[in-house]
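Protein chains: 2
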Amino acid sequence: MTEQSHFERDTRITSTGAGRWSTQLSAAWNIGTNPNGGYLILPVLRAMSSLVDQPDPITVTTHYLRPGLAGAEAEIRAELVKPGRLASNLRGSMHQDGKPRLESLVAFADLDTSTGPDVDITIPAPDIPPPDECIVRSGSDQGVELALLSRAEMRLHPDFANAGSLDEPVIDGWVRFSDRTEPSTLSLPFFADCCPPSIFATHGRVGWVPTLELTVHIRRRPAPGWLQVRNRTEDCQGGRIIETGCIWDSTGTLVAQMRQVGLLLDHE
Amino acid sequence: MTEQSHFERDTRITSTGAGRWSTQLSAAWNIGTNPNGGYLILPVLRAMSSLVDQPDPITVTTHYLRPGLAGAEAEIRAELVKPGRLASNLRGSMHQDGKPRLESLVAFADLDTSTGPDVDITIPAPDIPPPDECIVRSGSDQGVELALLSRAEMRLHPDFANAGSLDEPVIDGWVRFSDRTEPSTLSLPFFADCCPPSIFATHGRVGWVPTLELTVHIRRRPAPGWLQVRNRTEDCQGGRIIETGCIWDSTGTLVAQMRQVGLLLDHE
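Chains A and B, in that order, are what the protein sequence lines are.
Yeah, the first sequence ends on 315 if you go by the numbering used here, and it's all consecutive.
Yeah, the second sequence ends on 315 if you go by the numbering used here, and it's all consecutive.
This is chain A alone, in the form it adopts within the complex (with noise of 0.2 angstroms):
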């Protein structure tokens, strides 16, 4: 038997009646002492994908309405809303001590499949530094205790050195499990949301970022390696902060993009 990863074992789910799993989050992917909003939705998405054929999930909204309790059980509940043909659209959310911790709206479908023409139109890869020449990301990047860096390796654009005084709100750099697992389409939702705020580049830490709202987009299957991430902050208004993102897998091949709401709080 082969040991299970860091993903597989910290993201399981047990069935505890129709339409109920329970789960135990672990402390080890905690942004400070909140787990991260990215590592929530896994094993949600897990007990969905129990309940389709479609392996892949192709869009993933999670409305994140209070932290997570990390290193405490937590109640998932999921329900298939519609099954398709081209899309199956489910519902879900994750309570703990009696309380919704978010609040989810996934379609799964079969990325193998097609549905009609297929048309050449897709987003590249910029081209920035390999991974050995960008910034190891630490805890200190940010002044919080980081406990998600034993999960998943972060290298940052050389030019982060300078954030708060870089020209545009953007963030580059590359992921993957510290435990070296592969990513694949279920865990894809993750890396949309573990890189530090992008608005940090131009304005520094500015404030706390939760995030309110947070939709990812799977595109394609990734190939196996390092992913690349880019993340831009494209709006802000009385703190409402929208940012944007792109992940390409190693062979430069976009596979996901994600978009959200975070809340630009002060610091506490």
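Wrong hints could be hidden among the right ones.
All copies of an identical chain are treated as equivalent in the list; a pair is satisfied when it fits inside any one copy or across any two copies.
Computed list of lysine to any residue pairs in SDA-like fashion (alpha-carbon distance at most 20 angstroms, straight line) [as the list claims (entries may be wrong)]:
no.: 1; residue 1: K129; residue 2: S140
no.: 2; residue 1: K129; residue 2: D144
no.: 3; residue 1: K129; residue 2: G145
no.: 4; residue 1: K129; residue 2: P176
no.: 5; residue 1: K146; residue 2: D214
no.: 6; residue 1: K146; residue 2: E126
no.: 7; residue 1: K146; residue 2: F224
no.: 8; residue 1: K146; residue 2: A119
no.: 9; residue 1: K129; residue 2: R59
no.: 10; residue 1: K129; residue 2: E192
no.: 11; residue 1: K146; residue 2: G131
no.: 12; residue 1: K146; residue 2: L116
no.: 13; residue 1: K129; residue 2: E281
no.: 14; residue 1: K146; residue 2: E281
no.: 15; residue 1: K129; residue 2: R113
no.: 16; residue 1: K146; residue 2: A117
no.: 17; residue 1: K129; residue 2: L116
no.: 18; residue 1: K146; residue 2: I182
no.: 19; residue 1: K129; residue 2: T80
no.: 20; residue 1: K129; residue 2: T169
no.: 21; residue 1: K146; residue 2: P257
no.: 22; residue 1: K146; residue 2: L133
no.: 23; residue 1: K146; residue 2: P130
no.: 24; residue 1: K129; residue 2: D157
no.: 25; residue 1: K129; residue 2: Q143
no.: 26; residue 1: K129; residue 2: H142
Simulated from the structure, these hints should not be mistaken for lab results.
Given chain A, put chain B in place with the hints provided.
Same frame as chain A, now just chain B:
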């Protein structure tokens, strides 16, 4: 008593019990025989709006499950998932003939309030010819009857006369309600999904592009007048299209962003 606008009249809801409303779907917002997806979400937002104090839907995700039935009654269900000071999260759905037509996850906030430090990052409006130098959109552009044009006036960039042979999968234009009702944060989600598919710019009328999932972020309250729209097809995989868009008001201020997954289907 002033006459009701199309928007008010065609999105009117009547409470039928706790968390339940009925609405009469108008056929005047049809594309071919189906109601436009952006229109369908409007009465659901009205129902949600009645459950919260915050006036502005700031993130609106909708999964389209089945076409709506034009000219028929629909049941709306909505539920406050979590009330909050900075944002309140709601879930909603629309049903006809006992079948769910759409499922939605929305957060409302007050765009007049601020959560933290404001930061000057936004997306400027592209420079395009004014509405009276643009092409009036007609049904023949798309090969289907567009009852929708009785409700929304659209002017497309003059370049769109060469749709099918343009270099970029981009559509620029201007939109407004045809009865001149001014846009509001409640009506913006409609304008995010009322233009022809931007893939037509490069590839012509390659197929029918129903929306699977649409997320609209409302950024600011729009000034009166025309809305400027730019939509771009960013990626296509197996007929699954990602289209991203922005809406600016008549002062050039970004008021909404959208991203959707559409399915490129062969013409029937």
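Taking the hints in turn, this is what the structure says about them:
no., hint, in the structure
1, K129 - S140, "both (17 angstroms within a copy, 12 angstroms between copies)"
2, K129 - D144, "between (29 angstroms within a copy, 15 angstroms between copies)"
3, K129 - G145, "between (27 angstroms within a copy, 13 angstroms between copies)"
4, K129 - P176, "neither (44 angstroms within a copy, 43 angstroms between copies)"
5, K146 - D214, "neither (42 angstroms within a copy, 51 angstroms between copies)"
6, K146 - E126, "both (18 angstroms within a copy, 15 angstroms between copies)"
7, K146 - F224, "neither (30 angstroms within a copy, 42 angstroms between copies)"
8, K146 - A119, "within (13 angstroms within a copy, 38 angstroms between copies)"
9, K129 - R59, "neither (25 angstroms within a copy, 27 angstroms between copies)"
10, K129 - E192, "neither (41 angstroms within a copy, 29 angstroms between copies)"
11, K146 - G131, "between (31 angstroms within a copy, 13 angstroms between copies)"
12, K146 - L116, "within (11 angstroms within a copy, 37 angstroms between copies)"
13, K129 - E281, "neither (33 angstroms within a copy, 27 angstroms between copies)"
14, K146 - E281, "neither (32 angstroms within a copy, 38 angstroms between copies)"
15, K129 - R113, "between (27 angstroms within a copy, 9 angstroms between copies)"
16, K146 - A117, "within (14 angstroms within a copy, 39 angstroms between copies)"
17, K129 - L116, "between (31 angstroms within a copy, 17 angstroms between copies)"
18, K146 - I182, "neither (39 angstroms within a copy, 52 angstroms between copies)"
19, K129 - T80, "neither (37 angstroms within a copy, 22 angstroms between copies)"
20, K129 - T169, "neither (29 angstroms within a copy, 37 angstroms between copies)"
21, K146 - P257, "within (18 angstroms within a copy, 36 angstroms between copies)"
22, K146 - L133, "between (34 angstroms within a copy, 18 angstroms between copies)"
23, K146 - P130, "between (28 angstroms within a copy, 12 angstroms between copies)"
24, K129 - D157, "within (15 angstroms within a copy, 33 angstroms between copies)"
25, K129 - Q143, "between (27 angstroms within a copy, 14 angstroms between copies)"
26, K129 - H142, "between (23 angstroms within a copy, 12 angstroms between copies)"
Checked against the numbered hints listed earlier, the structure breaks hints 4, 5, 7, 9, 10, 13, 14, 18, 19, 20; every other hint is satisfied.
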